[in-house]
Amino acid sequence: MITMATVWLDGCSGCHMSILDMDEYLIEIFKRATLVYSPLVDHKDFPEMVDLTLVEGAVSSTDDLAKIKKVRQHTKTLVALGDCAVTGNVPGMRSMFPVSAVMERAYVENADINPGAPTQKIPPLIARVRPVHQIVPVDLVVPGCPPSAKTIAYVLDRLIAGEPVDSAEIARFG
Amino acid sequence: MESHELDELAARERTRQGDYHHQIGVCVGSGCASSRSPQIRAALEAEAKKHGHACRVKGVGCMGLCGAGPMVSVDDDEVLYQHVSESDATRIYAGLEKGEPVEDLVIANDTPFFTKQVRVVRRNAGKIDPDRIEDYIAEGGYSALRKALTEMTPEEVIDEVRTSGLRGRGGAGYPTGLKWSTVSKMKSPQKYVICNGDEGDPGAFMDRSVMESDPHLILEGMAIAGYAIGATQGYIYVRAEYPLAIERLKNAIKQARKYELLGENIFGTDFDFSIEIRLGAGAFVCGEETALIASIEGKRGSPRPRPPYPAESGLWGKPTLINNVETFANITAIIEKGSAWFSSIGTEKSTGTKIFALSGKITNIGLIEVPMGISLGEIIYDIGGGIPDGHEFKAVQTGGPSGGCIPAVHLEVSVDYESLKALGSIMGSGGMIVMDDTASMVEVAHYFMEFSKSESCGKCIPCRVGTAQMYDLLALIISGEATSADLQLLEDLCEMVRDTSLCGLGQSAPNPVLSTLRYFREEYEALLVDAKPVEAK
Amino acid sequence: MAVKSLRAAPPSDDKRWLLVNAAMRRYGYQPDALIEALHTVQESFGYIDPQALRFVADSLNVPLSHAYGVATFYHFFSLKKLGRHSCVICTGTACYIKGSGELLHAIEEKFGVADGETSDDGELSILTARCLGACGLAPAAVLDSEVMPKQTAEEIVTLIEEALRNGKS
Amino acid sequence: MSVKTLKMDGKDLSAREGDTILQVAEENNIYIPTLCHLDGLADVGACRLCVVEIKGRRGFQPACSTVIEEGMEVVTNSETLQKYRRLILELLFVEGNHVCAVCVSNRHCDLQDLAVKVGMNYTRLAYRAPVRDMDLSHERFGFDGNRCVLCTRCVRVCDEIEGAHTWDVRGRGIEASVITDLDQPWGESLTCTSCGKCVQVCPTGALFQKGKSAAEMVKQATFVTYLKSMRESKK
Chain A
1 MITMATVWLD GCSGCHMSIL DMDEYLIEIF KRATLVYSPL VDHKDFPEMV DLTLVEGAVS
61 STDDLAKIKK VRQHTKTLVA LGDCAVTGNV PGMRSMFPVS AVMERAYVEN ADINPGAPTQ
121 KIPPLIARVR PVHQIVPVDL VVPGCPPSAK TIAYVLDRLI AGEPVDSAEI ARFG
Chain B
175 MESHELDELA ARERTRQGDY HHQIGVCVGS GCASSRSPQI RAALEAEAKK HGHACRVKGV
235 GCMGLCGAGP MVSVDDDEVL YQHVSESDAT RIYAGLEKGE PVEDLVIAND TPFFTKQVRV
295 VRRNAGKIDP DRIEDYIAEG GYSALRKALT EMTPEEVIDE VRTSGLRGRG GAGYPTGLKW
355 STVSKMKSPQ KYVICNGDEG DPGAFMDRSV MESDPHLILE GMAIAGYAIG ATQGYIYVRA
415 EYPLAIERLK NAIKQARKYE LLGENIFGTD FDFSIEIRLG AGAFVCGEET ALIASIEGKR
475 GSPRPRPPYP AESGLWGKPT LINNVETFAN ITAIIEKGSA WFSSIGTEKS TGTKIFALSG
535 KITNIGLIEV PMGISLGEII YDIGGGIPDG HEFKAVQTGG PSGGCIPAVH LEVSVDYESL
595 KALGSIMGSG GMIVMDDTAS MVEVAHYFME FSKSESCGKC IPCRVGTAQM YDLLALIISG
655 EATSADLQLL EDLCEMVRDT SLCGLGQSAP NPVLSTLRYF REEYEALLVD AKPVEAK
Chain C
712 MAVKSLRAAP PSDDKRWLLV NAAMRRYGYQ PDALIEALHT VQESFGYIDP QALRFVADSL
772 NVPLSHAYGV ATFYHFFSLK KLGRHSCVIC TGTACYIKGS GELLHAIEEK FGVADGETSD
832 DGELSILTAR CLGACGLAPA AVLDSEVMPK QTAEEIVTLI EEALRNGKS
Chain D
881 MSVKTLKMDG KDLSAREGDT ILQVAEENNI YIPTLCHLDG LADVGACRLC VVEIKGRRGF
941 QPACSTVIEE GMEVVTNSET LQKYRRLILE LLFVEGNHVC AVCVSNRHCD LQDLAVKVGM
1001 NYTRLAYRAP VRDMDLSHER FGFDGNRCVL CTRCVRVCDE IEGAHTWDVR GRGIEASVIT
1061 DLDQPWGESL TCTSCGKCVQ VCPTGALFQK GKSAAEMVKQ ATFVTYLKSM RESKK
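Protein chains in written order, with my numbering: chain A, 1 to 174; chain B, 175 to 711; chain C, 712 to 880; chain D, 881 to 1115.
No false leads were slipped in.
FRET-style restraints, in silico, Cβ to Cβ:
{"#": "1", "chain 1": "A", "residue 1": "E169", "chain 2": "D", "residue 2": "R1004", "range": "15 to 23 Å"}
{"#": "2", "chain 1": "C", "residue 1": "S856", "chain 2": "A", "residue 2": "P137", "range": "51 to 59 Å"}
{"#": "3", "chain 1": "C", "residue 1": "A825", "chain 2": "A", "residue 2": "P137", "range": "35 to 43 Å"}
{"#": "4", "chain 1": "D", "residue 1": "D919", "chain 2": "A", "residue 2": "V99", "range": "42 to 50 Å"}
{"#": "5", "chain 1": "A", "residue 1": "V99", "chain 2": "C", "residue 2": "A825", "range": "18 to 26 Å"}
{"#": "6", "chain 1": "D", "residue 1": "V883", "chain 2": "A", "residue 2": "D21", "range": "49 to 57 Å"}
{"#": "7", "chain 1": "A", "residue 1": "N110", "chain 2": "B", "residue 2": "Q662", "range": "39 to 47 Å"}
{"#": "8", "chain 1": "B", "residue 1": "Y483", "chain 2": "D", "residue 2": "V883", "range": "21 to 29 Å"}
{"#": "9", "chain 1": "A", "residue 1": "E169", "chain 2": "B", "residue 2": "D666", "range": "19 to 27 Å"}
{"#": "10", "chain 1": "B", "residue 1": "D666", "chain 2": "D", "residue 2": "S1093", "range": "34 to 42 Å"}
{"#": "11", "chain 1": "D", "residue 1": "R1004", "chain 2": "A", "residue 2": "K121", "range": "28 to 36 Å"}
Some chain C residues near chain B, calculated using beta-carbon distances under 7 Å:
{"#": "12", "residue": "L745"}
{"#": "13", "residue": "H750"}
{"#": "14", "residue": "G780"}
{"#": "15", "residue": "F784"}
{"#": "16", "residue": "Y785"}
{"#": "17", "residue": "H786"}
{"#": "18", "residue": "F788"}
{"#": "19", "residue": "A805"}
{"#": "20", "residue": "I808"}
{"#": "21", "residue": "C846"}
{"#": "22", "residue": "G847"}
These are computed hints drawn from the structure, not numbers from a lab.
Since the structure is predicted, the reported quantities are computational estimates derived from the model, not experimental observations.
Yeah, the Cβ is synthetic: ideal placement off N, Cα and C, and Gly gets one too.
With the hints as constraints, model all of the structure from the sequences given.
Structure follows, in structure tokens:
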């Protein structure tokens, strides 16, 4: 039995939905792995050491930065799951604009009520959205938006069994 | 004109010049012209007029020591003056009459800067007025063309060039005779000769100086090439940034046409040859021959894959010979004095002389012509006068953005094509930028990468995006935020861009990085976040 | 069947179009005269605007996009009107080594105009050149067509200030 | 027409004189990745993905525009070539803004397919995130500069097959981009015949038909060779 975690950075949660899309195969997976941390379960703190962590989402804010660094420190095998984690993808589309312009667009121009950027409890955005592997070392990238349930099942099966993953099986962006 | 008329014209001109008691040459090259040499010339002319025209005041080509400009030469360099101003005209003239040079302006002409040079291409610079064809003819001009046309077959001309060992002076060093021979063998009713005057390396101004100082030397060389390969039309492609060179060449072509040294039935033979000027418009990549051809055809200067080489399919699809300015400028001497004489200068594989432009942190800034095989140290210390302001020599960049740096440990290297290449640099077109101990080599690489990035034509991906990425990585390293992984990525990019780019610009763009990494790796490593020694390859 | 080709008419009766037309005529209105024609436009008008491009392209039977592609490929050509005063800083290697970067920096600091820009009031354009070929005079600048040798940051700023004060370029 | 013999990846092959390395490879089921090449259009050798090693020649040569010679020995897929091709693709992906998930050409894109074939599934390079224009002024078609790889297929098909030369390239280096006419809105072009050939030959979602949503833009470029041969036979 190994321990497993999933982390959600800047992404739409579609990759997590795809995990859930494994349906009954999840039961097969959890016969061999225990989910110790995830937005899908109610653990507040990242454990001291996790065997396998899947990261969804790009690194967009100072909070993401701190989170991914911590996760990396406490994870043996780190997987970047989905295009946001691997390329920046849709969250990365704001990288071409200055942060101030992005905030203006979101919180002033497009605001129906109370225009103005939030000043409290919202972590500042970093200048450019980055893929996870450009911040911390990643052991495997699984592109796809989202990667299909089948792909995720394949990847988990292999990793839990300690076997290599054939990248030709998981190579397509989008 | 007919053959004998050339000698008559030369004799007449020599007599005319002999009537003057003195000749004062004022440098009218771009460098000196920028520091008021035309006004100095006018002041000297006014002075000569006052004294009854016994003295000829003429504009002459670059004398080499640009850092000491404006320069004035009296009676064929018997006395040389530096940093001359208009107000010195009276004193200079008075000195001439008294036979005593103006001491505070004199620059010694027996220093190694002058004595160690061997002037083949620049033999007329400082002597003739580049605006007068008669001056050129008086010094034996156009007799090489006459010799080729009336005494030699095209094959003999090519043979002479081949056995001289002359290699392309534009940088790559391809044997000139071989190139001529290839084009001559192509069967085509129309062929072209192109002179590449798109000298784009920053810090290189050899070709500009030759075009400004002795334009007929180039025209004559091109005409001989036309005869050898069977072409009747030549083009000189000059960068628009060289207005003075363009003016001089235009004037020279006009004069040569007037004397029928260009045009139809030259020297009464059935050889016709015309030359037109085409202007560049600020694109370094147009120094690449297929890009240059595209530019002459009025297109974007994007290179295309070779083969086919221009020798086979060049301008408008016709066989085309492209040589650089300095290459053509060597031809008349080879025809006149023979290949054996030419190959006695220089080394076995790199014959003749090479012009270099010395700049950067060196005492004697300017142009020099030296025999191939001279040591780098002689150039830097003897001719160049060493490093000013009490600093130490650190490295010299040869070949500009396509070349590399050579550090102090290799100062004894023989300056020839093979030796420079073995050190990871290239001969290049002749720019030598000297850096002293205050220079950061990473910043030098960054500077050259900026150049390659903004001069990339954008056609092929490795060069277009690769140079931009390498530039950003170098900036990241300089900012002190890069890791050893970034340095590794930079090196990977260098190799890929070098090996897969379409043309020479892209293929050589990584050279400044690779060569500074080769000799000054520790400067890169010291800037990394995770600064730690990386194992040598 | 030969396609009837009408020679394009100049955009206006501005005499300068005659110069442009003459340049094209010299080359028999062949497409390879494009770069020469653009040089003439730039020399005559100071820059190349869309109507000039259209006139030249039509006269030489060159596609519009091709003409635009060529005009924007070569850095010598400017599609924007330059300021009344222009200052070209040489960024060739010799000038770079001797501090041309500092000149640019000082100018931007003082006048708020960066390389390739023209001030909002249309008074000053700052340009860079790859190499003026005046390496012996490094670092060199060209202020309103006059070469300024061996510049320091303070000197060039003062010279530009003077030029702007004197008005006429 | 004479026959030449050559070696490709160790295999002895024969081919027609004048054929390119790419043609010979395709005929013999040897895969060489290409991007700017399109059957029927003049080759420009620009993308450099098809570079191969030729014994005795310096550097690498583009397979699309290198004509075979007798006794030539070609290596189409060495470890170095794989490394270089991957890096070239990485350069393309970071140059523009390629967001496959929301692209009209998702799953029908040459660039995306190349990434799969070459095994390019992430990049160490920094994304450039350039600000690029979109042009939706044309009645039927759209252009999204974010997805353009500057292969110039649109430029060539418009010039060589349609004869309109509406498209060309502006600027140079990393700033270069495709334009219509004098860099005017496509919809205002008087030279464009709205034939749509450029859309069909575009390898990515840069040129598309309006009304197509993500992953709906399927392209068909075989007409190029058809038109070319039909026109040649008429001459």
